[in-house]
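Which chain is which? The protein sequence lines are U and W, in order.
If you read the first sequence in our numbering, its first letter stands for residue 1, the second for the next number, and so on.
If you read the second sequence in our numbering, its first letter stands for residue 1, the second for the next number, and so on.
Because the hints were derived from the structure by calculation, they are not lab data.
Even for Gly, the Cβ is constructed at its ideal location relative to N, Cα and C.
Some hints could be false.
[As the list claims (entries may be wrong)] Sample of chain U residues at the chain W side, in silico, Cβ under 10 Å:
(1) Ile331
(2) Leu334
(3) Met477
[Said to hold, decoys possible] Which chain U residues stay away from chain W? Per the calculated CB distances, all over 12 Å, these:
(4) Thr168
(5) Ala204
(6) Ile369
(7) Val398
(8) Ser484
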Amino acid sequence: MSTTTLRMQETSAEHAARTRRFWLVMALGALSFLLFFLAASSFYYKSPTGMFADLAGWLAAIGAALVNFQGGFLVWLGRLVTAVVNIAPMFSLIFFIGMGYRLWRWVQEEHPRPASANPLFDRHFRGIFSELVVFTALAAFIWWIVGNTVDNLHRLGKPPGFDFLGATAGFGINQVLFLEYAETSSYGKAILVGLINTIVLSLAGIVLATVLGFIIGIMRLSSNWVIARIAEAYVEFFRNVPLLLQIFIWYNAVLKPLPGPRQSLVVADAVFINNRGVYSPKPIFTDAWWIVVAAFVIGIVASWFIARWAHRRQMQTGQPFPVLRTALLLIFGLPLLAYGLVSLFAGPPVSFDYPELRGFNYQGGMRIIPEFIAMLMALSIYTAAFIAEIVRAGIQAVPHGQTEAALALGLTRGQKMRLVVVPQALRVIIPPLTSQYLNLTKNSSLAVAIAYPDLVAVGGIVLNQSGRELEIIALWMLIYLSLSLATSAFMNWYNAKMKLVER
Amino acid sequence: MPATTKKLPWQPFHRNDMLPPKPPPPATTGVLGWLRRNLFSNWWNTLLTLLGLWFIWVVASSLIEFALIKAVWTGEDRNACLPKDGVEVGACWAYVNAKFNQFMDGFYPADQEWRYLTVYAVGIALLVPLLIPKVPWKGLNALLLFGAYPVLAYLLLYGAPSLGLPIVETTQWGGLLLTLVIASVGIVISLPLGIVFALGRRSQLPVIRFLSIAFIEFWRGVPLITVLFMSSVMLPLFLPEDVTLDKVVRPLVGVALFAAAYMAEVVRGGLQAIPKGQYEAAQALGLTYWQMMGLIILPQALKLVIPGIVNTFIGLFKDTSLVSIIGLFDLLGIVQTSLADAKWSTPTTAPTAYLFLALVYFFFCYGMSRYSLFMERHLHTGHKR
C-alpha cells in the first residue's frame with residue numbers, strides 16, 4: 001500500500017471551496033490592514049500621505065548619513081538609527097505581505113485531509129489568523145506609543161536625533177583610559193570614555209571573579225570538612241545579599257575610612273593606599289621595549305607550534321612531550337632573556353615613575369580611584385559566589401565512573417583531573433559561566449551608585465545636561481544589547497561545537 | 001630423577017615464633033574517626049584545617065566583638081556612639097533603634113501604621129498555609145491570596161476615603177514596606193507573564209515565536225538599571241500628555257517585565273525537559289493546545305523548575321534595591337539617606353546600617369532558597385535517578 005492512498009484526496013469542489021475561503025480571508029486581511037493603517041497613521045503621521053513623505057525623507061536621511069561622515073562615528077550611527085526608526089511603521093507593511101504569502105502557500109499546499117468546513121477549526125488557518133490578531137494589536141500598541149512619544153517630544157521642544165553628541169561636554173571625568181579627553185571634548189567622546197571604563201572594569205572583574213570562583217568552587221568539594229563549610233558559608237552569604245549593598249559596603253564602610261594621604265598605608269615603599277585611591281609606580285617604556293614584547297609574542301607563537309607538533313607526535317608514536325613546562329619556559333623565559341640582554345647593552349627598557357607626596361596628595365605614579373576598587377571588589381566577590389556553584393555543579397556532573405576508569409588506567413591524580421575530569425566538566429561549566437560574565441558586565445552598570453564613570457554614569461551626566469532621555473537610554477540599551485547578543489551568538493556556536501557527539 | 005641429598009649452600013628460613021601483633025587500624029567510625037578522615041588525614045589536610053579554623057575564629061570573633069560585645073544599644077544621638085576615652089565602640093544599634101520605624105515604612109503616617117501591619121498579618125496568614133504542602137483547600141487559599149488579597153492590600157495601603165481610610169500617597173511609602181510591595185507585585189506579575197512568553201517561544205507560529213524571542217532577549221540583554229531609568233524617565237513620554245503614572249508604578253512596570261523575561265527562560269528550560277512523548281500522548285488523546293499545556297505539560301514542567309523560579313524570585317528581591325538609584329526610598333534607599341543625618345554621624349554608623357541591611361536581605365533570600373530546597377525534595381516523585 002503506497003503512502004498516497006493513505007491520504008484522502010481533496011476533491012476539486014473542496015479545493016475550490018478552500019480557494020474561495022482564501023480570497024475571503026485575504027479580503028478581510030486587507031480590510032483590517034487598511035483600517036489599522038488609517039487609525040495608526042492618524043496617530044503617527046497625522047495623514048496617510050505623511051507616510052510617503054517620510055519614506056522619501058528616510059531615504060534622503062540614510063543617503064545623507066552614508067555620504068556625510070562628519071561628527072564622528074557615534075553621530076553618524078545616530079543619524080542612521082534615527083533614519084531607520086523614522087520608517088519603522090513601514091515594516092508592518094512587509095509583515096502583511098509575508099502573511100499574505102503564507103496564506104497563499106497554505107492554499108497551494110496539498111493537505112493530508114480536507115480542510116474543515118469552518119476555517120476557524122483548521123489548525124493552519126487558525127494559527128495564521130491568531131498571528132494576524134496578535135501582530136495587529138502589537139503594531140497598533142507600538143504605533144500608539146511612538147505617536148505619543150513623538151508628540152510629547154515635539155511639545156517639549158526636543159525633536160529626537162543624535163546630533164547633540166557632537167556638542168561640548170564641559171564636565172571632567174576622573175578616570176580616562178586610552179583616550180585623550182578634556183572638558184572641551186564632545187558628549188560622544190565622553191560616552192566613549194565611559195564605555196571603555198565599563199569594559200576595563202568588566203574585564204578585570206571577570207578575571208578576578210573566575211580565579212576566586214574556581215578556588216571557592218573547588219574548596220566546596222574539598223574532603224576537608226572545615227574548608228568545605230567555609231566555602232559554603234561564603235557562597236550562601238554573598239549570593240543572598242544585594243550587589244548594590246555590597247558595593248556600598250566596600251565604598252562607604254571599607255575604603256572611605258582608610259587614612260588620608262599623609263597617613264597612607266605603604267606597601268614595599270612603592271604602593272600607597274589611602275582614601276583617595278591606590279598609588280603605584282607607573283612604568284615608563286623606552287624605545288627598546290618592543291624587543292621584550294616581540295620576545296613574548298615569539299614565545300607564544302613558538303609554544304603553539306610546539307603544542308601542535310607534540311600532539312601529532314603523540315598521536316603517531318605515543319610519546320608524550322612536556323608541553324606545558326616548555327611553553328611556560330618560552331613565554332616567560334624569552335622576554336626575561338630579552339629584558340636582560342637589552343638592559344645589558346642599552347640600559348633598562350623600562351623605568352618607573354614613583355608617586356610622591358606633595359602638599360596634600362600624591363603626585364605622579366599611577367592612581368587607581370577608590371570607586372574602581374570598590375566596584376571591582378564587590379563585582380568579583382559577588383559573581384565568584386555564583387561561579388563557585390557552577391564549578392561545583394560542573395565537576396559533580398562528571399560521572400564517578402570516569403574517575404574510576406581513569407585511575408584504573410593508571411593515570412596519576414593530576415593526569416586524571418587534567419585529561420579526564422576537567423575537559424568533561426568544562427563542557428558543563430562554560431555556558432553558565434559565560435552568562436555569569438555577561439551578568440557581571442551588566443551589573444557593572446551599578447557603578448552609577450558610587451559615581452564610577454562607566455557608561456551609565458557618564459551617560460547619566462550627559463542625560464541631565466542635555467535633557468536627551470530617549471537618545472541616551474536608547475544608546476545604553478543598544479550597547480549592552482549588542483554586547484549580550486554577540487556573546488550569546490558566540491555561545492550558540494560554542495555549544496554546537498562542543499556538543500557531545502553520541503552514536 | 002632421584003631426590004638430591006646434597007646439602008644446599010644456604011639454610012631455608014623457618015620462623016618458629018609468632019610476629020608481634022600489629023596495632024589496630026585507626027578508627028574510621030565515631031567522632032575520632034570522623035575527625036581523622038575529614039580533618040587530619042595528612043599533613044596538608046591538617047594545615048588546611050588549622051588555617052580554616054583560624055580564619056573562622058578571626059571572622060567570627062571580630063564580628064561578635066563588633067556586633068555584640070562592643071555594641072552600643074541605647075542612646076539619643078551620636079554622642080552615645082562616639083569613641084569614649086579613645087576606646088572605639090562597636091555597632092551603633094541605638095541608631096538603628098532610633099530610625100527603625102523609618103526603615104520599616106518610610107514616611108508612612110505613624111497613626112496609620114496598623115494598616116500595613118494588617119496587610120502583613122493577612123498576607124502571612126494566607127501565604128503560610130499555601131506554602132505548607134499538608135494544609136488543604138489550596139484552591140480557595142490561592143484564590144483568596146491572588147484574587148481578594150491584592151484588592152484588600154491596595155485599599156489598606158493606599159487608602160479609600162469612602163471607607164474612612166485617608167489616602168497615603170505612594171511618595172510616603174518607603175523602607176521595607178516599599179521593598180516588599182515592589183518584590184511581591186513583581187513576583188506575582190512576572191510568573192504568569194513568563195509562562196506566556198515561554199509558551200510563545202516554543203510556539204509553532206513563527207510570528208509569535210519571533211515576538212517572544214525578541215521580548216525575552218531584549219530584556220535579558222540590558223541591565224536593570226537602564227530599564228529602571230527608562231521606566232522612570234521614558235514611560236511618561238510613551239503615554240498621552242494628560243496621563244500621569246504614579247512614581248512607584250513606573251519602576252514596577254520595569255521590574256515586572258524584566259523579571260518576566262528571566263522567568264520565561266526558566267520555564268522554557270522546564271518545557272524542554274518534558275519528553276516529547278508527553279506532548280504526543282496529550283495530542284493523541286485529543287486535547288486542545290491549552291488543555292495539553294494546562295493539564296499535562298505545565299504541571300510537570302513547573303515542578304521541574306521550582307529551584308529556578310525561586311532563584312529568579314530571589315534575584316528579583318535583591319534587585320528591588322536598585323530602585324534607590326532612581327530616587328525611591330526602599331529599604332536600601334532609606335538607610336543610605338539616613339546615613340547623611342548629622343545627628344547620628346559616627347564612624348560606626350555606616351557599618352552598623354550595612355550590617356543591619358545585610359541581615360534583613362539575607363533573612364528573606366536565604367529563607368526563600370531554603371524553602372525551594374524543601375519543595376524540591378517534597379515534589380521529588382522519582383523521575384530523577
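Hints and how they fare:
1. Against a cut-off of 10 Å between C-beta atoms, the interface hint on Ile331/U is violated, since the closest Cβ of chain W lies about 29 Å away.
2. The beta carbon of Leu334/U is not positioned within 10 Å of any beta carbon in chain W (closest approach about 34 Å), and the interface hint is therefore violated.
3. For Met477/U, the suggested interface contact is upheld, since its CB lies about 5 Å from the closest CB of chain W, less than 10 Å.
4. The Cβ of Thr168/U sits about 23 Å from the closest Cβ of chain W, beyond the 12 Å cut-off, so the non-interface label holds.
5. In this structure Ala204/U is separated from chain W by more than 12 Å, as the shortest Cβ-Cβ distance comes to about 18 Å.
6. Consistency note on Ile369/U: stated as away from chain W, and its beta-carbon is indeed over 12 Å from all of that chain's, at 20 Å minimum.
7. Every Cβ of chain W is farther than 12 Å from the Cβ of Val398/U; the closest lies at roughly 16 Å, confirming the non-interface assignment.
8. Not every C-beta of chain W lies more than 12 Å from that of Ser484/U, the closest at about 4 Å, which undercuts listing it as non-interface.
Comparing the model with each earlier hint shows violations of hints 1, 2, 8; every other hint is respected.
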